[in-house]
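Trainee: Listed below, chain by chain, are the residues.
2 protein chains.
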Amino acid sequence: MEILKQRIWKDGKNLGNGILKVDGFINHQVDPALMDACGRELARRFAGVGATKVLTAEISGIAPALATARHLGLPVVYARKSKPITMPDQVLLTLAPSHTKGRMVELIVSPEFLGARERVLIIDDFLASGQTILGLVRLTKVAGATLVGIGTLIEKCFEGGRDGLLSIGVPIEALASIAEMTDDEIIFSD
Amino acid sequence: MEILKQRIWKDGKNLGNGILKVDGFINHQVDPALMDACGRELARRFAGVGATKVLTAEISGIAPALATARHLGLPVVYARKSKPITMPDQVLLTLAPSHTKGRMVELIVSPEFLGARERVLIIDDFLASGQTILGLVRLTKVAGATLVGIGTLIEKCFEGGRDGLLSIGVPIEALASIAEMTDDEIIFSD
Numbered sequence: 001m002e003i004l005k006q007r008i009w010k011d012g013k014n015l016g017n018g019i020l021k022v023d024g025f026i027n028h029q030v031d032p033a034l035m036d037a038c039g040r041e042l043a044r045r046f047a048g049v050g051a052t053k054v055l056t057a058e059i060s061g062i063a064p065a066l067a068t069a070r071h072l073g074l075p076v077v078y079a080r081k082s083k084p085i086t087m088p089d090q091v092l093l094t095l096a097p098s099h100t101k102g103r104m105v106e107l108i109v110s111p112e113f114l115g116a117r118e119r120v121l122i123i124d125d126f127l128a129s130g131q132t133i134l135g136l137v138r139l140t141k142v143a144g145a146t147l148v149g150i151g152t153l154i155e156k157c158f159e160g161g162r163d164g165l166l167s168i169g170v171p172i173e174a175l176a177s178i179a180e181m182t183d184d185e186i187i188f189s190d
Numbered sequence: 001m002e003i004l005k006q007r008i009w010k011d012g013k014n015l016g017n018g019i020l021k022v023d024g025f026i027n028h029q030v031d032p033a034l035m036d037a038c039g040r041e042l043a044r045r046f047a048g049v050g051a052t053k054v055l056t057a058e059i060s061g062i063a064p065a066l067a068t069a070r071h072l073g074l075p076v077v078y079a080r081k082s083k084p085i086t087m088p089d090q091v092l093l094t095l096a097p098s099h100t101k102g103r104m105v106e107l108i109v110s111p112e113f114l115g116a117r118e119r120v121l122i123i124d125d126f127l128a129s130g131q132t133i134l135g136l137v138r139l140t141k142v143a144g145a146t147l148v149g150i151g152t153l154i155e156k157c158f159e160g161g162r163d164g165l166l167s168i169g170v171p172i173e174a175l176a177s178i179a180e181m182t183d184d185e186i187i188f189s190d
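For the record, the sequence lines run as chains A and B.
Residue numbers in the first sequence follow the numbering used here, run continuously in steps of one, and reach 190 at the last position.
Residue numbers in the second sequence follow the numbering used here, run continuously in steps of one, and reach 190 at the last position.
Everything labelled a hint here was simulated from the structure, so no lab data went into it.
Wrong hints could be hidden among the right ones.
Since copy identity is lost for identical chains, a pair holds within one copy or between any two.
Heads up, simulated EDC-like pairs for lysine to aspartate or glutamate below, C-alpha to C-alpha not over 16 Å straight-line [unchecked claim]:
| no. | residue 1 | residue 2 |
| --- | --- | --- |
| 1 | Lys-101 | Glu-2 |
| 2 | Lys-141 | Glu-173 |
| 3 | Lys-5 | Glu-185 |
| 4 | Lys-5 | Asp-190 |
| 5 | Lys-21 | Asp-183 |
| 6 | Lys-21 | Glu-112 |
| 7 | Lys-13 | Glu-112 |
| 8 | Lys-21 | Glu-180 |
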């Protein structure tokens, strides 16, 4: 998706060690118009999968998931990383290693909002190692729901996350796929 | 705002002790159409304050802030509760007591995205004790920026948060103001 790639070129920063800083427009400061355009494009790509719910993980998945869900006319559920007091005692919970936090984090969804009849579209900001998305896939399975697609804004192809998702057999879409990050350059694969 | 109040009546749950469960449409599962309508209404109410940026706190402030910012055509910044590795070493940080977590939490904003020239509109999901919003007010002040308004989806008037904000002298708007929560009832003040 050209406008996202242009924005990454313009405002993204390669911090080295494969770390891409996009907190000027995606995950600290958010550009709502860009996010809306990304949501529209993800909604277009997944228009035919028959999703009934969008699932993401807090925190930085919320903005792209919300934009996509709005364009699809679907509710969005974001997995919490700690259980709020408003959640029932019995929850769906999985552990996923967090790249940015350097430890395991919990991903928690209330069974009230993820039932066996749902057709789930997972949306997140990044597909890197794929561990967070795999956690969301496990939550979908344990709920008895059907996974119908996985979409992300940015894929870091060099972290290989897609390889671990291919066997699931659902469409995987990324709006900007980064093949390589060298010292000063961000090289897209498409 | 009638549709939000109707939704609270229909899907909100009074858990007792002043706790209102709205995680079916605001802060775990989100209804993007409702959130969009709320954002449009908040944008309408703050159309004249000359805001240049919307500021909120992760996690549950993100959805209403993003919707409001989109309708105002402004960027939104969400204060982080832990410092990501992509953030510079020098940050704007304040502590605020968290009602739901029962401890102090950090609110952290990168100075890259909150400068002295900004005119800041604070948006959050709840105005209850007002402590999170006061934290965002402090971040705005320490950045040297100008606060121009405070907007929330739901105000729990009985927690008195508004009293602590009135002296700031900016407009405060809530789309649904709850005067009282008795055993089985949610009583709106308007």
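Trainee: Within, between, both or neither: how does the pair Lys-141, Glu-173 come out at a Cα-Cα threshold of 16 Å?
Mentor: neither (20 Å within a copy, 42 Å between copies)
Trainee: For Lys-13 vs Glu-112, is the C-alpha pair at or below 16 Å within one copy, between two copies, both, or neither?
Mentor: Between. Shortest inter-copy distance 13 Å satisfies the 16 Å Cα cut-off; intra-copy 40 Å does not.
Trainee: At most 16 Å between alpha carbons: which applies to Lys-21 and Asp-183, within, between, both or neither?
Mentor: within (14 Å within a copy, 48 Å between copies)
Trainee: At 16 Å max between alpha carbons, let me know whether Lys-5 reaches Glu-185 within a copy, between copies, both or neither.
Mentor: Intra 13 Å, inter 50 Å, cutoff 16 Å: intra-copy only.
Trainee: Within a copy, between copies, both or neither: where do Lys-21 and Glu-180 come within 16 Å Cα-Cα?
Mentor: Close inside one copy (15 Å), not across copies (45 Å); limit 16 Å.
Trainee: Classify it for me, Lys-5 with Asp-190: is the Cα-Cα distance of at most 16 Å met within a copy, between copies, both or neither?
Mentor: within (10 Å within a copy, 47 Å between copies)
Trainee: Can you tell me if Lys-101 and Glu-2 fall within 16 Å by alpha carbon in one copy, between copies, both or neither?
Mentor: Classified as neither; 30 Å inside a copy, 41 Å across copies.
Trainee: Evaluate Lys-21 and Glu-112 at a C-alpha cut-off of 16 Å and name the case that applies: within, between, both or neither.
Mentor: between (35 Å within a copy, 13 Å between copies)
The structure is inconsistent with the numbered hints 1, 2, although it conforms to all the rest.
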